[in-house]
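Engineer: Sequence lines, in order, name chains A and B.
Using numbering that gives the first Met the number 0, the letters of the first sequence map in sequence onto residues 0 to 280.
Using numbering that gives the first Met the number 0, the letters of the second sequence map in sequence onto residues 0 to 181.
Some hints here could point you the wrong way.
[As the list claims (entries may be wrong)] Selected chain A positions facing chain B (in silico; Cβ < 10 Å):
no. : residue
1   : Asn5
2   : Glu46
3   : Thr47
4   : Lys59
5   : Pro64
6   : Arg107
7   : Ser109
8   : Pro114
9   : Leu115
10  : Pro182
11  : Phe208
12  : Leu219
13  : Ala261
14  : Cys270
15  : Asn271
By construction, these hints were calculated from the structure, which means they are not laboratory data.
Glycine included, C-beta positions come from ideal geometry on N, C-alpha and C.
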Amino acid sequence: MARVLNTEVLVPVLERLVKKACYELNDNVMCALRAAYDVEESPIGKETIKVLIENGEFAKKEQLPCCHDTGAAVVYLEIGQDVAWEGKPLKEQINEGVRQGYDKGYLRKSMVADPLERVNTGDNTPAIVHTEIVPGDKVTVHVMPKGGGSENMGAFKVLLPGDGVQGVKDFVLETVKRVGGNPCPPYIIGVGVGGTMDHCAWMAKKALFRPIGERHAKPLYAEMEEDILKAVNDTGVGPLGMGGRVTALDVHIDYYPVHITALPVAINFACNSARQASETI
Amino acid sequence: MEMEITLPLTKEKAKTLKAGDILYLTGYVYTCRDAAHKLIEEALAKGEKSPIDWQDQTVYYAGPCPARPGMVFGSNGPTTASRMDPFVEMMFQQGMVAMLGKGDRADYVADLCKKYGGVSLLGVGGASAVNAARVKSVEIVAYPELGTESIKKLHFDRYRVIVGTDTEGNVLQKQEVPKYRR
């Protein structure tokens, strides 16, 4: 028996989630920043992390955007296969919720309608929407406001199959060194390995939803995450690129089977303002 | 060194600043970022004047959030400075003395700071809520059609920054990062 949902249920959910995500860094991120403060040795770096923690607390208390760049709204829906939709088109309702959240929440509108003509849409729509069909009759809505500073430093490369684990590590490290302080460290690095170009980039983004401190279930990848995290923090880039021990809060890798000829790798950064919020309907 | 700075920051004052100095800025700055720089460039190319007199001014690379009712200004913070690297010389030629942004800049920006006697300042990217209270007044002075990217004249009250690149071309990141590299 299908569970019938009208797409309009998404509007208030999206409105709530974009505001919550922009105002409140979750406990996982705040704890990671506090742990970073404890290990940071650079005086400038330590002071910078202190400012970030105070800012996170203040933003939540005052319900203000913790970062001015309230991002492109990345919306990821896990839709139970037993859900049947009625009402207006799903994407229209998602965008209506995003529109209301950015308007009523006094969030910055950062979307331009055409990448070359560059006229602001004025309401931060359209959202970047990903949907996946999953077992069950629930709908889980995830929102990740994605700022330009970190998003613009992402990278993609197709390695040779033989490049293996070392090739992936090298690519992440060379990217980290190249982009320096621009993705607003301390950041989280999402890495997609395998699949096709599109799927690889999506894995890198999706990996950023995983809580800081949680390792990949497969030991090979869990170990790579640890190794890369250490190597990234040994670069000395530090908070906001001004030098220090903490460049990344974590590294999350995900993989997918791949064609015999290929080893695609995508890197996506989530800045220190690693915002996300979820709700299940 | 920590110091209080009253804006405008003249070239004489800028010369005394060293990479790593912590400054508390009080006075007027102008927000100006990607789209506004592009429009200024187009205006100058047509032989027109910039809508703002940049003499001795500080440019804040920022696109703020809208202010809530009852607040003077919304969350605001420095955006990635390197996107404005190609406009630095044009702005120095217009009289600008300081830029406030975040992140690393191209090596030629340090050369330009040295050549024109200007500085590049760093704020904390991501810490924008606490900056809302540092802005005491706001006036849109050019390109209102750009929304968040319009040029706004802000009055700062002790806005904290670190000198990233000084007038001798010293770059904070180049001094600090190697100390923590393993």
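Engineer: The structure should be examined with respect to each hint, and the outcome stated for every one.
Structural biologist: Tested hints:
no. : hint   : in the structure
1   : Asn5   : violated (31 Å)
2   : Glu46  : holds (9 Å)
3   : Thr47  : holds (6 Å)
4   : Lys59  : holds (9 Å)
5   : Pro64  : holds (4 Å)
6   : Arg107 : holds (5 Å)
7   : Ser109 : holds (7 Å)
8   : Pro114 : violated (13 Å)
9   : Leu115 : violated (13 Å)
10  : Pro182 : holds (8 Å)
11  : Phe208 : violated (19 Å)
12  : Leu219 : violated (25 Å)
13  : Ala261 : violated (32 Å)
14  : Cys270 : holds (6 Å)
15  : Asn271 : holds (5 Å)
Hint compliance for this structure: hints 1, 8, 9, 11, 12, 13 are broken, all remaining hints hold.
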